[in-house]
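Those protein sequence lines, which keep their order, are chains A and B. Positions 130 to 276 (my numbering) are the ones given, in order, by the first sequence. Positions 33 to 441 (my numbering) are the ones given, in order, by the second sequence.
FYI, nobody ran anything at the bench for these hints, they're computed from the structure. Given the structure is predicted, the values throughout are model-derived calculations rather than measurements. Wrong hints could be hidden among the right ones.
[Stated by the list, open to error] Cross-link-like lysine to any residue pairs, in silico, SDA-like; alpha carbons within 20 Å at most:
id	chain 1	residue 1	chain 2	residue 2
1	B	Lys247	A	Pro275
2	B	Lys243	A	Arg167
3	B	Lys243	A	Leu157
4	B	Lys243	A	Ala241
5	B	Lys243	A	Ser240
6	A	Lys267	B	Leu355
7	A	Lys267	B	Gln337
8	B	Lys243	B	Arg35
9	B	Lys243	A	Lys267
10	B	Lys406	A	Ala241
11	B	Lys406	A	Asp239
12	A	Lys267	B	Leu356
13	A	Lys267	B	Ala156
14	B	Lys247	A	Asp168
15	B	Lys247	A	Glu266
16	A	Lys267	B	Leu159
17	A	Lys267	B	Val164
18	A	Lys267	B	Arg345
19	B	Lys243	A	Leu208
20	B	Lys34	B	Glu242
21	B	Lys34	A	Asp168
22	A	Lys267	B	Val342
23	B	Lys406	A	Ser240
24	B	Lys406	A	Arg158
[Stated by the list, open to error] Okay, the calculated bits of chain B under chain A, using three or more residues with CB under 8 Å as the criterion:
id	region
25	163 to 174
26	200 to 207
27	309 to 321
28	376 to 390
[Unchecked claim] Using C-beta positions, here's what the derived DEER-type ranges look like:
id	chain 1	residue 1	chain 2	residue 2	range
29	B	Leu436	A	Ile238	45 to 55 Å
30	B	Glu405	A	Gly206	19 to 29 Å
31	A	Asp184	B	Glu246	35 to 45 Å
Where a beta carbon is used, it is the ideal one built from N, C-alpha and C, also for glycine.
Listed below are the residues making up each chain.
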Amino acid sequence: MSRRRNEPGGPGGRAGATAGGRRMDAALRLLDHQLVDRDGRLCGKVDDLELERRDDGTLVVTAILTGPGALGPRLPGVLGRATVAVWRRLHGDAEPGASRIPFERVAEIDSAVRLTMSRAEVPTHGLERWARENVVEKLPGAGRAPE
Amino acid sequence: MKRLLSVALGVLTAIGGFVDIGDLVTNALVGARFGLSLAWVVVVGVLGIIVFAEMSGRVAAITGRATFDLVRERLGPRAGLLNLAGSMAVTGLTFVAEIGGVALALELVSSVNYLLLVPFTGLAVWLVLWRVRFSLLENVFGLLGLALLVFAVAVWRLGPDWSSLLDQATHPSVPGSEGVPTYWYYAVALFGAAMTPYEVFFFSSGGVEEKWTEKDLGTSRLNVFVGFPLGGLLSFAIAISAALVLLPAGIEVDTLGQVGLPVSEAVGRVGIAIALLGFFAATFGAACETGLSVGYSVSQYFGWQWGKYVRPREAALFHVVLLLSTIAGVATLLTTVDPIKVTEYSVVFSAVALPLTYFPILVVANDPDYMGEKVNGRLANGLGQVYLVLVTLAALAAIPLMLLTKAGQ
Chain A
130 MSRRRNEPGG PGGRAGATAG GRRMDAALRL LDHQLVDRDG RLCGKVDDLE LERRDDGTLV
190 VTAILTGPGA LGPRLPGVLG RATVAVWRRL HGDAEPGASR IPFERVAEID SAVRLTMSRA
250 EVPTHGLERW ARENVVEKLP GAGRAPE
Chain B
33 MKRLLSVALG VLTAIGGFVD IGDLVTNALV GARFGLSLAW VVVVGVLGII VFAEMSGRVA
93 AITGRATFDL VRERLGPRAG LLNLAGSMAV TGLTFVAEIG GVALALELVS SVNYLLLVPF
153 TGLAVWLVLW RVRFSLLENV FGLLGLALLV FAVAVWRLGP DWSSLLDQAT HPSVPGSEGV
213 PTYWYYAVAL FGAAMTPYEV FFFSSGGVEE KWTEKDLGTS RLNVFVGFPL GGLLSFAIAI
273 SAALVLLPAG IEVDTLGQVG LPVSEAVGRV GIAIALLGFF AATFGAACET GLSVGYSVSQ
333 YFGWQWGKYV RPREAALFHV VLLLSTIAGV ATLLTTVDPI KVTEYSVVFS AVALPLTYFP
393 ILVVANDPDY MGEKVNGRLA NGLGQVYLVL VTLAALAAIP LMLLTKAGQ
């Protein structure tokens, strides 16, 4: 969304957008906020937003983009390109798009963005799962609560 | 009664957990070279960490968001990532210093070379991070850290001339043997030691770990307003004891053993045994806190599940970061780099990194959409702005002073 920030939108040229029927400064209230799943587990950041321009000129948030595919393009220079390249290489698909969470799956927006899905369904859960299966679960005591 | 006990426990652990390797070394070093002429910096630094910690604790209790959540939200991914890199470089350096401090404390007890103890120390720290509940960690090391009160006993037994000490502290002047830039270099170092950024990462993330809500604000403030100043008095006691014993003898502090010398002089063998326990608890507790701070901050930037309130398998990437940073810390020490030197640099770079996290916290604590009625009041904002200027000045001055004085020589 940072690339679209110069489009005429809300006050001050920022992308004021309607999200779930609510009008808000999407750059301040949504972008880079924490995603929380329906069980209260943390599951990534709002790394970018998918916007759609309605006929009346208002911008509407249609989806949350998350994970390296969305974060990479917002990082500068080599670092950003490398993030996207590594993510593409590790991704199964040949031309993967950034992981997308339709805005209908958002339950509530407070200091975090709360989703109606479990974090296993979030498309970027792969890295966390890889770390769990290949590192953490190999160590004794991974499944027990701390004492 | 139970509530009173838990409040008392919180305050006690705040006192015992206040001092870390940076405070131990810097206060003793400065006391031995400058007497009490830099004591005012400790007062300014302790007030600063109180302002900073209260704000970040309040934000954590009201919004449930810890420091690097806010950094990412307010600065965006680019500036946020730079901030993360800078803050983690400093916190990583502090982590190395704390693990080294534990090994040095164990060396003083066992007479085994500290390098042989480093791998075991690293393993012990990692096991605590892996398996031990947050509150247990905080309580055990916080209470054991109270052993450092032996420095206050030492000062009392040395029977100083209090009025001359007070006069030194209230009329600071650069001692004749030291240059003016060196004086200011150590002022910045003491300021950085008192206001180490990891304390705020840890404090705010700890608030989220323990699921603080608005109801816990009173307790959290009590810990900060009572515990931190009393913890600051421990720093003072270390500096005064060094000023009384090491300064007249012309001893400059470059080992952990020298930090404890005034205690053995004034309180004897039992005293030094208690001081060693205090060294161990303070450095081990701080090693866990700095290690966790690295894991917390990286996870908060990327949005991964973090924390010790879930099983390790639920926060896999967080635990991978903890494991890797512990390995990196141990590896750094095994290059035979001097842990005391690492400590001295870590407190100065702490001063450099302070504005990075201080500024976003100040901004969010003023945002009524976030904080509702709990936005900064006039006092918090007045102090907040004064300290924003102070931390910026210290950050800008740190590196030039370091180069100018060849790191305080």
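Right, here's what the structure says about each hint:
no.	hint	in the structure
1	Lys247/B to Pro275/A	violated (25 Å)
2	Lys243/B to Arg167/A	holds (17 Å)
3	Lys243/B to Leu157/A	violated (25 Å)
4	Lys243/B to Ala241/A	holds (15 Å)
5	Lys243/B to Ser240/A	holds (15 Å)
6	Lys267/A to Leu355/B	holds (13 Å)
7	Lys267/A to Gln337/B	holds (19 Å)
8	Lys243/B to Arg35/B	holds (17 Å)
9	Lys243/B to Lys267/A	violated (29 Å)
10	Lys406/B to Ala241/A	holds (18 Å)
11	Lys406/B to Asp239/A	holds (16 Å)
12	Lys267/A to Leu356/B	holds (15 Å)
13	Lys267/A to Ala156/B	holds (19 Å)
14	Lys247/B to Asp168/A	violated (23 Å)
15	Lys247/B to Glu266/A	violated (37 Å)
16	Lys267/A to Leu159/B	holds (15 Å)
17	Lys267/A to Val164/B	holds (18 Å)
18	Lys267/A to Arg345/B	holds (10 Å)
19	Lys243/B to Leu208/A	violated (35 Å)
20	Lys34/B to Glu242/B	holds (18 Å)
21	Lys34/B to Asp168/A	violated (31 Å)
22	Lys267/A to Val342/B	holds (17 Å)
23	Lys406/B to Ser240/A	holds (14 Å)
24	Lys406/B to Arg158/A	holds (19 Å)
25	163 to 174	holds (count 5)
26	200 to 207	violated (count 0)
27	309 to 321	violated (count 0)
28	376 to 390	violated (count 0)
29	Leu436/B to Ile238/A: 45 to 55 Å	holds (50 Å)
30	Glu405/B to Gly206/A: 19 to 29 Å	violated (43 Å)
31	Asp184/A to Glu246/B: 35 to 45 Å	holds (44 Å)
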